[in-house]
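This is what each chain is made of:
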Amino acid sequence: MIAPPFEWLVALRFMREGRAQSSLIIIGVTVGVAVIVFLTTLINSLQASLIDRVLGSQAHIVVRPAEELAVPSLPRTGTAIAARIEPRAQRLRSIDQWEQIYPLLERAPGVVAASPMVSGPAFATRGSASKSVVLMGVDPDRYRRIVKLHEDIVAGVFRLTGTDALIGIELAKDLGVTVGDKLRITTAEGGADVLTIVGVFDVGNRDLNRRWVFTTLRVSQTLLDVPGGVTSIDLAVSQIFDAEDISARLTSATGLQFDSWMRTNAQLLAALRNQTISNRMIRSFVVIIVALGIASVLVVSVVQKQKEIGILRAMGASRRRIMVVFLLQGATFGLVGSLLGGALGFGLLQVFATIYRNADGTPIFAPNLDPQVLAVACVTAIAVGLLAAAVPARRAARLDPANAIRHG
Amino acid sequence: MAEPVLRLDGVRKSYNVGTPVEAEVLHGIDLVIEPGEFVALIGPSGSGKSTLLHLVGLLERPSAGRIALTGRETTTLDEDALTGLRGRALGFIFQFHHLIPAFTAVENVYMPLMIERGHPDAAMRARAMELLARVGLEGHEHKWPAQLSGGQQQRVAIARALSFDPPLVLADEPTGNLDTHSADDVFALMREFNRERGITFLVVTHDPRLAQRCDRVVELLDGHVVRDERIRPGAPS
Ligand SMILES: Nc1ncnc2c1ncn2[C@@H]1O[C@H](COP(=O)(O)OP(=O)(O)O)[C@@H](O)[C@H]1O
Ligand SMILES: [Mg+2]
Chain A
1 MIAPPFEWLV ALRFMREGRA QSSLIIIGVT VGVAVIVFLT TLINSLQASL
51 IDRVLGSQAH IVVRPAEELA VPSLPRTGTA IAARIEPRAQ RLRSIDQWEQ
101 IYPLLERAPG VVAASPMVSG PAFATRGSAS KSVVLMGVDP DRYRRIVKLH
151 EDIVAGVFRL TGTDALIGIE LAKDLGVTVG DKLRITTAEG GADVLTIVGV
201 FDVGNRDLNR RWVFTTLRVS QTLLDVPGGV TSIDLAVSQI FDAEDISARL
251 TSATGLQFDS WMRTNAQLLA ALRNQTISNR MIRSFVVIIV ALGIASVLVV
301 SVVQKQKEIG ILRAMGASRR RIMVVFLLQG ATFGLVGSLL GGALGFGLLQ
351 VFATIYRNAD GTPIFAPNLD PQVLAVACVT AIAVGLLAAA VPARRAARLD
401 PANAIRHG
Chain B
1 MAEPVLRLDG VRKSYNVGTP VEAEVLHGID LVIEPGEFVA LIGPSGSGKS
51 TLLHLVGLLE RPSAGRIALT GRETTTLDED ALTGLRGRAL GFIFQFHHLI
101 PAFTAVENVY MPLMIERGHP DAAMRARAME LLARVGLEGH EHKWPAQLSG
151 GQQQRVAIAR ALSFDPPLVL ADEPTGNLDT HSADDVFALM REFNRERGIT
201 FLVVTHDPRL AQRCDRVVEL LDGHVVRDER IRPGAPS
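Protein chains in written order, with our numbering: chain A, 1 to 408; chain B, 1 to 237.
The set of hints was computed from the structure by calculation and includes no laboratory data.
Some hints here could point you the wrong way.
Restricting the straight-line Cα-Cα distance to at most 25 Å, the calculated cross-link-like pairs of lysine to any residue (SDA-like) are [stated by the list, open to error]:
#: 1; chain 1: A; residue 1: K307; chain 2: B; residue 2: R72
#: 2; chain 1: A; residue 1: K307; chain 2: B; residue 2: P145
#: 3; chain 1: A; residue 1: K307; chain 2: B; residue 2: T104
#: 4; chain 1: A; residue 1: K182; chain 2: A; residue 2: T163
#: 5; chain 1: A; residue 1: K307; chain 2: B; residue 2: N16
#: 6; chain 1: A; residue 1: K131; chain 2: A; residue 2: R218
#: 7; chain 1: A; residue 1: K307; chain 2: B; residue 2: R7
#: 8; chain 1: A; residue 1: K131; chain 2: A; residue 2: L104
#: 9; chain 1: B; residue 1: K143; chain 2: A; residue 2: R13
#: 10; chain 1: A; residue 1: K307; chain 2: B; residue 2: G10
#: 11; chain 1: A; residue 1: K182; chain 2: A; residue 2: T222
#: 12; chain 1: A; residue 1: K182; chain 2: A; residue 2: G156
#: 13; chain 1: A; residue 1: K307; chain 2: B; residue 2: L82
#: 14; chain 1: A; residue 1: K307; chain 2: B; residue 2: A89
#: 15; chain 1: A; residue 1: K307; chain 2: B; residue 2: P120
#: 16; chain 1: A; residue 1: K307; chain 2: B; residue 2: V217
#: 17; chain 1: A; residue 1: K307; chain 2: B; residue 2: A211
#: 18; chain 1: B; residue 1: K143; chain 2: A; residue 2: R19
#: 19; chain 1: B; residue 1: K143; chain 2: B; residue 2: G198
#: 20; chain 1: A; residue 1: K148; chain 2: A; residue 2: L104
#: 21; chain 1: A; residue 1: K148; chain 2: A; residue 2: N205
None of these values were measured; they are calculated from a predicted model.
Hey, can you work out the whole structure from these sequences and the hints?
Have a look at this one:
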């Protein structure tokens, strides 16, 4: 707010005169803003890293063939029987005409990458050791845009040509193999082949590190007996929280089955949402308390300054200008408090990040202050300061100067 | 003939209007004050002197009658216009000094100018310093009111009332809280400004000694003017 210096001068002098009260309320606003900044940053950051981790080994959307419903052939004699609809027994199915659908998916609004996949159960054997695995046939250049597997390679290279295979670090340990070794893969469909391990990955999940075996599309198609077909298509979207909407839209357009990460992780998302709601509630309470604090300090100040207000009015200061003097005080409490609070919140985040760390020593969240969080906190604090000052400021403006002077 | 500085016509003032304790404090006051006059307003406690001063000072509105300041009718003006006129036409000196404690002596003196202009400037500071020197407060310019004696505070208040050469200065028992010596000083100071700059004064006082040294004495009793006497020849008429 651009105010003529007279109003600012009086406001600042009044605040200085009541410096005990002014300091206390500024401390109050500071603590309030620090709590908000700290909590919001912490929760945002933890949620972001959680979602990041979830999406680190998962496509945003997985497209599968339409679910075929196996309808019992029994006559419909009763509701109990009619309700017994079961999925058909397992058999790997390819997406019909996937090569026509694929480019449409790739170009769908909101979708930034698509990657076909042939996956199914298999056994990995080395000598006498045999492990049950998930065979995943992908095109590496496309797949890396869905899951950043190339960033997770801990040994060897990220490459899939010919009979190359990428396996997880746990599987490598279990089978006692490493880069360059051979691995025999067999499937229930009768497929069998010997692959060469060219890379070992760690996607940060023990179970996946133990079960995933990547090959080329062609090798998997042969082993799993889906010649020329794909069992699913992975999609990446630009806005991760649009995944469910995009899924819904594409489902009705193609008739295929779309599973968004949001649906697969519904419980996680519900928990995050509750966390966000709690944070919002805490924030509201802090705002209310801060507003009441500022208002009460200014109400007291108006009463204490009745005489001065009367003199200023007698000397030609209008009601509006007296009002501005008190509004400025409210806004200043908000502004100063929010700047100090931002700094305190930032400090708390640093301390917190140093004390609480993951098992591997990395911080559990990024203690960075989002400028937007700080800006919102400042603007809110100033607005709250102005609002809280409104009532006392109106009172000050309406004070009868004659009365204030008479009872000097 | 010049416009009178102040003209009251049948001014009445009632308090607590519309309540069982409604009371009329001033019962039809007629009064004309010419430029350059130094008028004492006397009367017993409760006779309505402060009330009259507040009406003239545009801090309160009369219940009936008319008040013209420097020829300008005020009863029809709205709140903002009254505030503006108050700032331009009137200087106030109160019994309890009423300096603003959060501002230094010199800042208090140029406060009326700053209100008018919207911000402080070098010219008004210089003028305030000059006025403080004139009232004998050289060296005290940057003290806080609390660091000054009662007499010194009242001199600051006089300097403040005169910071913009108002046509009319209203003083409500300006010496009421001072010892005789300081009271004489302060009174003499107002008299000097009156003589040198032709500023008109309306001074409420309890002190008959001081009243005797004015040009004219107006006496109030129970809300009526019971005496209006020019006691000093040579005063402007
Ligand atoms: N705001 C008010 N409300 C009610 N009565 C008032 C008010 N102000 C003054 N009075 C009454 O008006 C009368 C005159 O008061 P005042 O003008 O202060 O007298 P003086 O200054 O001559 O002592 C007194 O009886 C006082 O009680
Ligand atoms: Mg009085």
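Cross-check of the supplied hints:
Straight-line distance between C-alpha atoms of K307(A) and R72(B) comes to about 28 Å, which puts the hinted pair past the 25 Å bound. For the hint linking K307(A) to P145(B), the alpha-carbon distance of about 14 Å falls within 25 Å, and the restraint holds. A hinted pair counts as satisfied when its Cα atoms are at most 25 Å apart, and K307(A) with T104(B) qualifies at roughly 17 Å. Pair hint K182(A) plus T163(A) holds up; C-alpha atoms about 10 Å apart against a cutoff of 25 Å.
Distance check on the hinted pair: K307(A) and N16(B) sit about 22 Å apart at the alpha-carbon level, within 25 Å; holds. At most 25 Å may separate the alpha-carbon atoms for a hinted pair to count; K131(A) and R218(A) meet this at roughly 22 Å. This hinted pair does not check out: K307(A) and R7(B) have alpha carbons roughly 29 Å apart, beyond 25 Å. At roughly 38 Å between alpha-carbon atoms, K131(A) and L104(A) are farther apart than 25 Å, so this suggested pair is violated.
Of the pairs offered as hints, the one joining K143(B) and R13(A) holds, with about 15 Å between alpha carbons and a cut-off of 25 Å not exceeded. For the hint linking K307(A) to G10(B), the alpha-carbon distance of about 30 Å lies beyond 25 Å, and the restraint is violated. For a cut-off of 25 Å, the pair hint linking K182(A) to T222(A) stands: about 18 Å separates their Cα positions. With a C-alpha separation of about 14 Å, the suggested pairing of K182(A) with G156(A) holds against the 25 Å cut-off.
As the CA atoms of K307(A) and L82(B) are separated by approximately 19 Å, the hinted pair is consistent with the 25 Å bound. Proposed proximity of K307(A) and A89(B) is supported: the alpha carbons are some 21 Å apart, at most 25 Å. This hinted pair checks out: K307(A) and P120(B) have alpha carbons roughly 22 Å apart, not beyond 25 Å. In summary, the hint linking K307(A) to V217(B) is not supported, as the alpha carbons are separated by about 30 Å, beyond the 25 Å threshold.
A C-alpha spacing of about 28 Å is found between K307(A) and A211(B), which places the hinted pair above 25 Å, so the restraint is violated. Distance hint between K143(B) and R19(A) is fulfilled; the C-alpha atoms sit about 19 Å from each other, no more than 25 Å. As the CA atoms of K143(B) and G198(B) are separated by approximately 30 Å, the hinted pair breaks the 25 Å bound. At roughly 23 Å between alpha-carbon atoms, K148(A) and L104(A) fall within 25 Å of each other, so this suggested pair holds.
Restraint check for K148(A) and N205(A): satisfied, since their Cα atoms lie roughly 14 Å apart, inside the 25 Å limit.
Hints 1, 7, 8, 10, 16, 17, 19 from the earlier list are contradicted by this structure; the remaining hints agree with it.
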